[in-house]
Amino acid sequence: MFSVKLWGSRGSMPTPGPDSVVFGGNTSCIEVRCDDRLIIIDAGSGIRGLGDSLMKTDLKKGPITADIFLTHTHWDHIMGFPMFTPIYVPGTRLTIRGPMAFEDDSLDKVIGTQLSYRYWPVRQEELAARIDYEHLRETRVDMGDGITVQTKYLNHPILCLGYRIEFKGKSFSTCYDHEPYRNLFPTDPGDPQYDEAIAREGDQATREENEKVYRFYAASDLLVHDAQYTAREYAAGKTGWGHSSFEYAINMANKASVKRLVLSHHDPNRTDTELQELELFYKAKIAGKSMLEIDVAREGNSFMLAP
Amino acid sequence: MAGSDNIRRIRDYIISMPSLPTTVSKVLEVCNNPRTSPLDLDKVISLDPVLMGKVLKLINSAYYGLSTQVTSLARAIIMLGVNTVKNLALSTAVIDKFGNKGDFRALNPEGFWRHSLCVGVAAKMIAKRRGADPRMHEEYFAAGLLHDIGKIPINNALAEEYIRTMSLADRERIALFLAEKRSIDVDHCEAGKMVAEAWKLDGPINDTITFHHALESYAGGHRDVVLTVAVANYFANREGIGFSGNLYPDRIPPEVFEELGMAKSVLDDIEDNVNAEIEKAKVFLAGARA
Numbered sequence: 284m285f286s287v288k289l290w291g292s293r294g295s296m297p298t299p300g301p302d303s304v305v306f307g308g309n310t311s312c313i314e315v316r317c318d319d320r321l322i323i324i325d326a327g328s329g330i331r332g333l334g335d336s337l338m339k340t341d342l343k344k345g346p347i348t349a350d351i352f353l354t355h356t357h358w359d360h361i362m363g364f365p366m367f368t369p370i371y372v373p374g375t376r377l378t379i380r381g382p383m384a385f386e387d388d389s390l391d392k393v394i395g396t397q398l399s400y401r402y403w404p405v406r407q408e409e410l411a412a413r414i415d416y417e418h419l420r421e422t423r424v425d426m427g428d429g430i431t432v433q434t435k436y437l438n439h440p441i442l443c444l445g446y447r448i449e450f451k452g453k454s455f456s457t458c459y460d461h462e463p464y465r466n467l468f469p470t471d472p473g474d475p476q477y478d479e480a481i482a483r484e485g486d487q488a489t490r491e492e493n494e495k496v497y498r499f500y501a502a503s504d505l506l507v508h509d510a511q512y513t514a515r516e517y518a519a520g521k522t523g524w525g526h527s528s529f530e531y532a533i534n535m536a537n538k539a540s541v542k543r544l545v546l547s548h549h550d551p552n553r554t555d556t557e558l559q560e561l562e563l564f565y566k567a568k569i570a571g572k573s574m575l576e577i578d579v580a581r582e583g584n585s586f587m588l589a590p
Numbered sequence: 013m014a015g016s017d018n019i020r021r022i023r024d025y026i027i028s029m030p031s032l033p034t035t036v037s038k039v040l041e042v043c044n045n046p047r048t049s050p051l052d053l054d055k056v057i058s059l060d061p062v063l064m065g066k067v068l069k070l071i072n073s074a075y076y077g078l079s080t081q082v083t084s085l086a087r088a089i090i091m092l093g094v095n096t097v098k099n100l101a102l103s104t105a106v107i108d109k110f111g112n113k114g115d116f117r118a119l120n121p122e123g124f125w126r127h128s129l130c131v132g133v134a135a136k137m138i139a140k141r142r143g144a145d146p147r148m149h150e151e152y153f154a155a156g157l158l159h160d161i162g163k164i165p166i167n168n169a170l171a172e173e174y175i176r177t178m179s180l181a182d183r184e185r186i187a188l189f190l191a192e193k194r195s196i197d198v199d200h201c202e203a204g205k206m207v208a209e210a211w212k213l214d215g216p217i218n219d220t221i222t223f224h225h226a227l228e229s230y231a232g233g234h235r236d237v238v239l240t241v242a243v244a245n246y247f248a249n250r251e252g253i254g255f256s257g258n259l260y261p262d263r264i265p266p267e268v269f270e271e272l273g274m275a276k277s278v279l280d281d282i283e284d285n286v287n288a289e290i291e292k293a294k295v296f297l298a299g300a301r302a
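Those sequence lines, one after another, are chains V and H.
Taking my numbering, the leading residue of the first sequence gets 284, the next gets one more, and so forth.
Taking my numbering, the leading residue of the second sequence gets 13, the next gets one more, and so forth.
No lab work stands behind these hints: they were computed from the structure.
Any given hint could be a false lead.
Taking lysine-lysine pairs in the DSSO-like style, the calculated list, with each CA pair at most 30 Å apart, reads [what the hints assert, rightly or not]:
id, chain 1, residue 1, chain 2, residue 2
1, H, 212, V, 495
2, H, 294, V, 435
3, H, 55, V, 521
4, H, 55, H, 69
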């Protein structure tokens, strides 16, 4: 079995309330099952629900073992970790992997700082689970049991990794948090700051880096992609914030021959009504023009990639 | 034992090596401004060997495992983002504000900066004249800008000793790196290699730092860059553009010019352009002090 379940798809901050009943208000967390192996991508507030579910269903079969892959260490992607109940259960074994923080602090320090008395009543040293940490760079990890995880750096204000998990001939990829690379240097020869060599270098770097990203998730059976903004919102003051637009995600996924695209990392201000409208709008827009299937991420959605 | 103690002091200094005092006020101005353009950021970093090295360290440590090293600053800024690069530059520059005011007692910071920039600019111009791949031009610049980086930790961690080293070179009329070896048991190429390793710079930049005074013993794969920077270094010393403590520079054997396929007269042709580039940089930096 190869399945994917979304436990949180909200960006930036949890958003409980009447406007997030349909799509959910928890931040990033994805449960991936590869037969008996459990892989978790991100420890946003959604991981609390996943933890409780594991306590009910998995613990009966024996101690919980999981591989957690963090896309990056921004708060909305790690804030749920102290409420992930299995960390308090003896016998739990976790391997947490993620990219290096910019300041060169180790991953256990970045995650573990949340478990210090000033923020939380239990210290990291007091956890019952055995937790190993591993820094990831761009690499391919052989997880055993026929599972491979490939990583790719994305464009975000701190180092952020996309993941591609392959199992049973199927592939599931993530591409969040991610903003298209863009040439930051003046490209208009009329601009007084224009420098031809740098403009050319910038164009080339931008093209190459964006190509690398979509080649990374090319032909995925399922892709969860950042779509925090619409193209209009993105252009009106959100460039450089580290997120993509619906339009960009759809165009790139289509170009990369992805089979199914899930648009995620919803802006905290986005209401259920707006997300429903956006989903209908983009579905209609590509109908008959592309083989790509698209969904707007809903908390609790499950996808079966292989039986 | 003195040698190993010197190495320890150099190594300790490298851990928190600050920006050059020559550029620090401009770095603070550019990086504290939330509206700074990427181009100004590119400019201010490319004028400071320490900052340039640290930005390249960051991009290459983050992207470790890629087949090629990133040596283009423009690409580094696009990949890391303006804010990350600004924060890095600020943290490097701010340390300097609290640094030892007596720094640069042996070497004059202005002269060192001018020499480093001259070698970077000249190396890039020679590469252009020789028809090197345009994508590599920035690599020549970076290697030239950083070639003497090893002098910074020696000058700061072993300030008294370095003054004596320079007197020795002066008295005996020998090249500075030979005097360094004799007097403190570590020359600026070895100290530079330690910096390059701390910053995880390998390839042409590391090779240039390590071998620019030992061309005949260099058997690595970046001869074009190493030799070009050695020639640019010779040019800077010959023309007296800046000064990095070397009154008796080594000569460049004619075989080097032959191997590079360039006439020595190319150096006369680039002189005006190199001076113009350095003056432009001066004007840019002076903007912060007004």
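Going through the numbered hints above, which ones does this structure break? Give me the numbers in ascending order.
2
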